[in-house]
Amino acid sequence: MSEEYKREHVFGIDYGTSDFKYGPITLGEVPEVVENRGYFVDKESLMSRLMDVRREIIVGKELPLFLESRKSLAERMVYPMRNGVIGKNDRRAWRVVEELTRYALESFAPRDEEFDGFYLVASVSMVAPRYMYEKFFEIFKRMNEERTLVKAATIIPQPLAVAIAHKIPTCVVVESGHGNSQICPISMYPIRDAVLALNRGGGSANTLMAEILKDAGYGDLAKEESLVRRVKEELGLLPRDLDSAIDYAKANPEKVHGRLKIPGTRIVIDLGEHSWTRFLVGEYVFNPNHEIFQSYFTRGMPKPSDIKIGDTFFYGMMDMADAIIESVEKCPIELQPHLYSKILLSGGNFGWRVPEDLKEVAVTSDLKLSSMLREKGIEDVEVKITEEPRFSVWRGCIVYGYAVPIDYEWNWNRMEGWLYLA
Amino acid sequence: MHRRFKPEDLVAAIYEEEGFYEVERREEGILGASSRIVLSDGRRELAVNILDEDTLMVHGAIHDALLQAEKLRERYSGVAIAIPRRFRRAVDDGVLSMHGLGLIVYDMMGAEEVVPPRFSERLEAVKSSNTAIEEKAVSVEEIVRIRSDIGRILRMLEELEARLDRLERAQRTLEIRVNRIEQRSSGVEVRVRETPKIEEQVKPNSKKLPSYLVDNPWIDILSRRE
Numbered sequence: 236m237s238e239e240y241k242r243e244h245v246f247g248i249d250y251g252t253s254d255f256k257y258g259p260i261t262l263g264e265v266p267e268v269v270e271n272r273g274y275f276v277d278k279e280s281l282m283s284r285l286m287d288v289r290r291e292i293i294v295g296k297e298l299p300l301f302l303e304s305r306k307s308l309a310e311r312m313v314y315p316m317r318n319g320v321i322g323k324n325d326r327r328a329w330r331v332v333e334e335l336t337r338y339a340l341e342s343f344a345p346r347d348e349e350f351d352g353f354y355l356v357a358s359v360s361m362v363a364p365r366y367m368y369e370k371f372f373e374i375f376k377r378m379n380e381e382r383t384l385v386k387a388a389t390i391i392p393q394p395l396a397v398a399i400a401h402k403i404p405t406c407v408v409v410e411s412g413h414g415n416s417q418i419c420p421i422s423m424y425p426i427r428d429a430v431l432a433l434n435r436g437g438g439s440a441n442t443l444m445a446e447i448l449k450d451a452g453y454g455d456l457a458k459e460e461s462l463v464r465r466v467k468e469e470l471g472l473l474p475r476d477l478d479s480a481i482d483y484a485k486a487n488p489e490k491v492h493g494r495l496k497i498p499g500t501r502i503v504i505d506l507g508e509h510s511w512t513r514f515l516v517g518e519y520v521f522n523p524n525h526e527i528f529q530s531y532f533t534r535g536m537p538k539p540s541d542i543k544i545g546d547t548f549f550y551g552m553m554d555m556a557d558a559i560i561e562s563v564e565k566c567p568i569e570l571q572p573h574l575y576s577k578i579l580l581s582g583g584n585f586g587w588r589v590p591e592d593l594k595e596v597a598v599t600s601d602l603k604l605s606s607m608l609r610e611k612g613i614e615d616v617e618v619k620i621t622e623e624p625r626f627s628v629w630r631g632c633i634v635y636g637y638a639v640p641i642d643y644e645w646n647w648n649r650m651e652g653w654l655y656l657a
Numbered sequence: 277m278h279r280r281f282k283p284e285d286l287v288a289a290i291y292e293e294e295g296f297y298e299v300e301r302r303e304e305g306i307l308g309a310s311s312r313i314v315l316s317d318g319r320r321e322l323a324v325n326i327l328d329e330d331t332l333m334v335h336g337a338i339h340d341a342l343l344q345a346e347k348l349r350e351r352y353s354g355v356a357i358a359i360p361r362r363f364r365r366a367v368d369d370g371v372l373s374m375h376g377l378g379l380i381v382y383d384m385m386g387a388e389e390v391v392p393p394r395f396s397e398r399l400e401a402v403k404s405s406n407t408a409i410e411e412k413a414v415s416v417e418e419i420v421r422i423r424s425d426i427g428r429i430l431r432m433l434e435e436l437e438a439r440l441d442r443l444e445r446a447q448r449t450l451e452i453r454v455n456r457i458e459q460r461s462s463g464v465e466v467r468v469r470e471t472p473k474i475e476e477q478v479k480p481n482s483k484k485l486p487s488y489l490v491d492n493p494w495i496d497i498l499s500r501r502e
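Respectively, the protein sequence lines represent chains A and B. Add 235 to a position in the first sequence, counting from 1, and you land on the number used in this note's numbering. Add 276 to a position in the second sequence, counting from 1, and you land on the number used in this note's numbering.
Do not take every clue at face value.
[To be verified] Listed next, the in silico BS3-like pairs over lysine-lysine satisfying Cα-Cα at most 27 Å (straight line):
#1 K458(A) / K402(A)
#2 K282(B) / K347(B)
#3 K619(A) / K594(A)
#4 K282(B) / K323(A)
#5 K402(A) / K619(A)
#6 K543(A) / K282(B)
[Said to hold, decoys possible] Residues of chain A placed beyond 10 Å of chain B at every Cβ, according to the derived structure:
#7 R311
#8 M423
#9 L477
#10 V589
#11 R630
#12 G631
#13 D642
Rather than coming from a laboratory, the hints here were simulated on the basis of the structure. All of these numbers come straight from a predicted model, not from anything done at the bench. No residue lacks a Cβ here, since even glycine has one placed at the ideal position from N, Cα and C.
Bound conformation, chain B alone:
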């Protein structure tokens, strides 16, 4: 029989790949949510307050949920809320991201992490010695600054990669043109790189080369994969 998954299962599943497993599930008596699951990867604990459609029908429910979630940040290293996909527009990603709260949306097809929760290293720090706390503590501002720096560097890398691709393409086009000019001037029957081999190997009895192999720039591009 087809089993309909509960929102708690769908939410837990998206963190399984990151090594989190469920350590606690409460379906009653949760302030500002219909249920809560707590996941752990052995080092950090993530609490997810799950709101169902009935809960969200109550006026002000979303604000209550966010305030209650904010309170949980003192107890857990990461906190997120999960809401049905159709209520997605009721929550502003930017505000959640600024406060370090995660946002998950779900429907019957599955769950999706829209805003990742920001993990504090609090639990880990508590477990280690007090001196370690002082060494490892990093201010929130610094994390935000580093994340923005990383984002900027990644964007620059992407642009550089695209430029490099185009330069390589231009270089290859030039190489092919130079080869053609050289062939014409020397009158020697030498084709660019692979082409003679194709003719030798495709259909020994056929003199005509398949159209898709003739002058196909991909042959050069793919043969450079390493």
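Only chain A is shown next, with the shape it has when bound in the complex:
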């Protein structure tokens, strides 16, 4: 098998927390995207009998056609990657992952005789434990039961893929998803010993937004997760400095007034006198230690706790700048200035918007983190939000598969290389 064959048949898969991105190198700039979820069909239901459904699970673009009542949705819909780690014995989640992988590969596998399987590069969370790698390789091997779909496979951590897609060999990638945030220094290789994880992500900001909605009199709407997320994205703000932002909001209530009409419905959310709380939502992601959050914890809002998932310890209350400093300080001293000079923010949790008339007090994630790091004495900091964060992991997978030589075989110590499966 030649390098030329491999380059033509590189296939990337990004097992993201919300979306599943996949496709071969020939797709160019943009992969195919479906939601990272699977629906376990009730084979006794009228719908599945009418449609003659024989499969246990439905994944991919046709999934919405099979949905039934909201109650069955909660029981039968499985999101396998919600916090980046799948339990070793979570049979349903692993079944969804297997079905999604088959769906992706079969969508693009050529029918010609020359095709002898893809060179598959899969990307998973940096905190994925070793058993997840083993399970993934077992799944990739099973892909070849009927015909050869995977010639060789490899698995890389998502932060490495982000760094590759952005063409930066030495940097710190901060990936913040729904359930948690991971900080990973990279210098040609991911520096695994320096990886640090926080038990806070977009979901934590949603929780606070729900509390704010309750206080503003929208307790009924606060139960709808997707609506809360939408309100957070539309009304949530990231303050340059929380105390000054609150003072500004109280002095200029008309400028900070938060009002949102949900299109296609009669729902209008008006935060009114609670509009100053818009600044709390963004601050909470970066630093939940401000005394103002104590009142929410006292009233029962869960405090992000220190937990252990797989082999990784997730810190609950450590602020984002401290986490970056602690991670970088685990790297050689000579390397540290190079790492601080390129910090890449990746993931939907960094997309805070700044309304034109609030530029004085609200900032984007890169500016916020730069100023937090400078306050802690770190100079020459450059923080950048990734471009097209949805696709950068998949792009990194394609570059990785394209460049890594075919004779570089998988090694469990360095966790790199091709594992030949056919």
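Based on these hints, arrange chain B on the given structure of chain A.
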């Protein structure tokens, strides 16, 4: 039904990967601890005194636990204490490390070895002949000195590795610049190493190269993996 693991199970699990298996478990009548497990890898025996939250509520319990653990060092090749994670700050790692005692913290999520126990080769030595004891005996000071030497060498290696990385990167940047200058001067349409191949192979009908493959330094870095 979800089973809640006992601290003894959590502690034993962290040493399983190192080849230790449980040979003894006592949950009553232990001085200075609520339970004790003894693990062995066939050559060495590790005793772990486990303290639960109730035990630690008693004034002076931690000191008592450490003194009792110290006594065990005569009988076992390694000794450690395990305490709930929230009492972590009550114990000084440096002191334990100096005395060769291990420290494990645990909570409902699992256990973690904070200070590894220092193993003496006593048991092994007893099993072999008396003459072997004299040959194998190494003074504690020497072990400490060797460990500090190894630590120093590892740090130097890390720094050298980082320097080498940077030198290689600088070299590659220079190579790329030299190539570009050569191309310009000769006017020949030759791109750096891989790029022409990319153009040939990505999407045969498309003339435009995906942006993420153009001038990506990682292509050079990754193609050197061996």
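TODO: Would you list, in rising numerical order, the hints stated earlier that this structure does not obey?
DONE: Violated hints (numbers, rising): 1, 8, 11, 12 and 13; every other hint is consistent with the structure.
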